[in-house]
Amino acid sequence: MFSKELEELIDAALADGALTDKERLILHKRAQAEGVDADELDIIINGRLAKLKKQEVAQAQPLPKPISNEKYGNILKCPSCGAQVVGGSAVCPECGYAFTDVKANSSVEKLLEKLDEFNRRQETRNDSRSAIGGIAHFYGKSLGLDNTFKHKMEIISTFPVPNTRADLLEFLTMIQLRADSTGPKNGMNFSSQDENLSYGYWLLYTNCINKAKISFAKDKDFEPYFAAYEAKLAKTKGFIGFLKCNPRLAIGSICLSVLVIFYICFFIFII
73 MFSKELEELI DAALADGALT DKERLILHKR AQAEGVDADE LDIIINGRLA KLKKQEVAQA
133 QPLPKPISNE KYGNILKCPS CGAQVVGGSA VCPECGYAFT DVKANSSVEK LLEKLDEFNR
193 RQETRNDSRS AIGGIAHFYG KSLGLDNTFK HKMEIISTFP VPNTRADLLE FLTMIQLRAD
253 STGPKNGMNF SSQDENLSYG YWLLYTNCIN KAKISFAKDK DFEPYFAAYE AKLAKTKGFI
313 GFLKCNPRLA IGSICLSVLV IFYICFFIFI I
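In terms of the working numbering, the sequence shown opens at residue 73 and continues consecutively.
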């Protein structure tokens, strides 16, 4: 369209993506010398400038991340039937295709690791105790004076609630088996340490359910967990549930009842 010399001059002037007044004046002089219309030259120059700016904007934008059909949180379509899938699903709701290599940041593993770490530290402390100190520790534990239980309760009950759908579902599956709304709150149940911690799991379970009701209220996968929670919550109602939630009061009530029966029998025997 233009001479080779004018084309090279235009390319050199636009090399930095901009055109100064001095550069435009030089181009006009060259075009006039070659008999090129000035308005036609401006149209060509402005068009090339606009094209360069579009290229700069496109290069500045980050490339979209590739869509994965395998991992939680990135699934958009089922690789089998093409149906849209909610992030965090393990199975396609349309065709039942099970997604492989499903990964999530497991809060279950993190909680168990924290408890294992605490147990290892506690075992080290126990090994360092003397014989007399060990006996005192045993009787203190029997009387509910040991702080080990309280520390583990705190680790469990204050553990952060998972944020992602997949992680929360996995977490609820684990803790609902260990949670008990009627579990002892003060470690007075001597039969099982796990049972003593059941109320700590219940507090964490409650926090997870509340999170699920806020974030996934209409998600059908959470409905069984909501129902199981309400069933466990119902156990706290009534006299038996009250006594199980307050074991010290239950022990006191039993002792008082035995004492009353003893005095009644004693007076009957005297009379």
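Quick caveat, the hints were computed from the structure, so don't treat them as lab data. Careful, some of the hints might be misleading.
Just the calculated beta-carbon pair ranges, DEER-fashion [claimed, not checked]: (1) N191 to V129: 52 to 62 Å; (2) S287 to Q156: 38 to 48 Å; (3) L97 to G119: 18 to 28 Å; (4) A90 to K182: 47 to 57 Å; (5) I342 to T196: 50 to 60 Å; (6) Y169 to D114: 54 to 64 Å; (7) L331 to S287: 30 to 40 Å.
Here are the simulated DSSO-like cross-link-like pairs (lysine-lysine), alpha carbons at most 27 Å apart as the crow flies [stated by the list, open to error]: (8) K283 to K304; (9) K76 to K94; (10) K182 to K94; (11) K126 to K149; (12) K224 to K186; (13) K224 to K283.
We put the CB at the ideal spot given by N, CA and C, even for glycine.
*Broken hints, numbered, in rising order?*
When the structure is compared with the hints, numbers 2, 7, 10, 11 turn out to be violated.
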